[in-house]
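Colleague: Spelled out, the chains give:
There are 2 protein chains.
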Amino acid sequence: MTDSASDIFSALAHPTRRQILQDLKDGEMAAGEIVARFNATGPTISRHLSVLRQAGLVTERRDANRILYSLVGERLALSVGDFLSTVCPEQIVLREVRKRSSSRPTEIQA
Amino acid sequence: MTDSASDIFSALAHPTRRQILQDLKDGEMAAGEIVARFNATGPTISRHLSVLRQAGLVTERRDANRILYSLVGERLALSVGDFLSTVCPEQIVLREVRKRSSSRPTEIQA
DNA sequence: ATACGGTGTAGCCAAATAGCTAATTAGCGA
DNA sequence: TCGCTAATTAGCTATTTGGCTACACCGTAT
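Chains as they are written, first to last, in full-length UniProt numbering: chain A, 1 to 110; chain B, 1 to 110.
Keep in mind that the hints were calculated from the coordinates and are not lab data. You may find that some hints are simply not true.
[Stated by the list, open to error] Here are a few chain A residues that face chain B, going by a calculated C-beta distance under 7 Å:
1. Ala77
2. Val87
3. Gln91
The beta-carbon is built from N, C-alpha and C at its ideal position, and this holds for glycine as well.
Working from the sequences, and respecting the hints, build out all of it.
Modeller: Shown next as structure tokens:
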């Protein structure tokens, strides 16, 4: 029932989740690897990850018995940037990443 | 207890509050004027306004027996923009401001 | 002084959130 | 198959959030 912007901003409302996104900026990480960076328990971080996943801000991928998470930076930039440029267009600029039909799937960064 | 980024993103998490900010984009509005735009009751909107005020996203000013709210777009752009440019710097550009600590005013597209 | 229009506060309740521990699922290797 | 590691799900509790109604507050003007 909640729109996607609400999902995204709610996800960003928690410091731990923002930190996770920041950590993922440099590449994918396993769940346990992420857990190790915080004081919270595994299940707690797992929950945070599922919030981020539902918001579409991260994707997961299996590697053996580990699960690797990676940032979906485009979605973050587009959704938040869209809002920002509606409310205060003078202060922010979205770099032309718009629809661009995403020709190549994976290659955002590496 | 909660940092200011959390306050801001939490404030943005609610559709009504985002809409209020958007409405304030074109200039200040009285509380009652804002209330008139939604289906919620006065007290409910008043509460939303206080959340926005605590987050520093709006300021209030008295005019006779009305209270006029206005957007603090700079704070919105700076806080959210800061986060965005940390996590996905490739996709977003903060336009100048930044109290001149940052060397380059960043390129603009307009 | 009193009344009134415009707002915010108090108090209540239902629902959602965040944390934990314990239990469960999924994959890999012997 | 069994055992081990990795991660999520279940279930619980405490806290916060969002909505309402009723009430109190503050200026203005009669």
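Colleague: Can you name, in rising order, the numbers of the hints this structure does not satisfy?
Modeller: As far as the earlier hints go, not one is violated by this structure.
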